[in-house]
Amino acid sequence: MVAPAPDIARATSADFDALLALLDAEFIFGKGRRVSLQQRFPETLDRAHSRNIMLARMEEAIVSALVTRPFTWITSQRSWRAAMIGMVTTRAEWRGRGMAGALMRAARETLAREGVEFLVLWAARPDFYAGLGWMAADCGALGSVQTAAPDATQSAAPFDAASIAWIEALRREYAPERVERCEISYAALLPHAEQLELLRSGSAYAIAGRDDRHGYLYELLGDAAEFPVLWARLARRYRALYLNLQRGTAAERYLSSRGEISWQPQRLALWLPLSETARAARFAGWYVPFLDRI
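All residue numbers for the sequence shown refer to this note's numbering, where the first residue is 25 and numbers rise by one.
Source of the hints: derived by calculation from the structure; they are not laboratory data.
Please note that the accuracy of each hint is not assured.
Keeping only pairs whose Cα atoms sit at most 20 Å apart, straight-line, the calculated DMTMM-like set for lysine to aspartate or glutamate is [what the hints assert, rightly or not]:
1) K55 - D236
2) K55 - E117
3) K55 - D235
Work out the full structure: start from the sequences and follow the hints.
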C-alpha cells in the first residue's frame with residue numbers, strides 16, 4: 025500500500041513557534057549548543073518571515089521542515105535571484121518515509137515558480153541530493169591551527185552602521201562575486217559561535233565567530249598588505265582557530281604560505297540550476313562565504 029503524500033506548504037506566523045522549537049531541538053539544543061536559531065539568523069528566521077520555512081504535515085501534524093533564504097547573487101556581469109536551503113529535518117518517527125525528499129522537491133518547484141534562478145545548500149550526503157538533480161561544486165577550504173593563549177587585551181570593532189558601510193565598500197572593490205547584504209546580515213551567528221567579531225586594519229578586515237575557546241574565521245578581505253597585521257591579531261585572540269575560506273583568493277594564498285595551518289578541501293556545496301541561464305553558469309567557481317549561509 026502506497027503511503028499518503030504529505031501536505032506541503034509555506035509556513036504561516038501561526039506555525040512559527042512550533043517550527044522554531046522543532047528546528048532548535050534538532051540543530052541547537054539537541055547538540056548541546058546555545059543561542060536559538062531565531063537569534064542566530066534574524067534576517068531569515070522571524071515571525072514576519074515565517075514563509076521562509078516550508079513544512080510537511082501528516083494527519084495535521086508537522087513532520088518535516090526546511091528553511092529557505094532568498095538572496096541576490098552579484099557578479100560582474102549581472103545579478104541573480106537565488107535561494108539557499110538548509111536546516112532540513114524530519115521528526116524521528118517519520119524518518120525513512122520520504123518526507124524530506126518530498127519537501128525538497130516541493131521547495132524546488134515553488135521557488136522556480138517564484139522566479140528563483142538557482143539554489144544552493146551544504147550537505148555531507150551528496151549522493152542523496154544528486155538523485156534530486158543537485159550538482160556538487162565546492163571551492164572552499166577548511167583550515168585549523170592551535171594558537172597561543174588568548175590575549176585579554178585584544179578588542180574588536182563594533183558592527184555599527186559606519187563599520188558596515190566601510191565593509192560594503194571593500195566588498196564592492198575586492199569581492200566581485202558576492203551575496204548582497206543588508207545591515208541585519210551582520211547579526212548572523214553560525215553554530216558553534218556565540219559571538220560575532222570584526223577586526224579592522226587599514227583597508228582590510230576579518231570577521232570571525234567565537235565561543236568560549238575557539239575562533240571561526242568567516243571572511244578575510246581587502247588590501248593583502250594588511251593581512252599580516254590581521255592574522256597576528258587573530259592568532260592572539262583565540263586558543264584555536266578554524267578558517268573557512270575560498271581557495272585561490274588572496275586571503276587563502278597568504279594563509280597557506282604561513283605553513284602552520286592544516287588545510288583540507290570542503291566538499292559540501294551543492295547547486296541546483298532552475299533557469300535556462302543558470303544551467304549554463306559555472307558554479308564551480310562560485311563560493312558563498314560562511315557568514316552568508318544558513
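Hints and how they fare:
1. Taking the CA atoms of K55 and D236, the gap is about 16 Å. The hint holds against a cut of 20 Å.
2. Between the alpha carbons of K55 and E117 the distance comes to roughly 19 Å, so the proposed pair stays at or under 20 Å and holds.
3. For the hint linking K55 to D235, the alpha-carbon distance of about 15 Å falls within 20 Å, and the restraint holds.
Hint compliance for this structure: no hint is broken.
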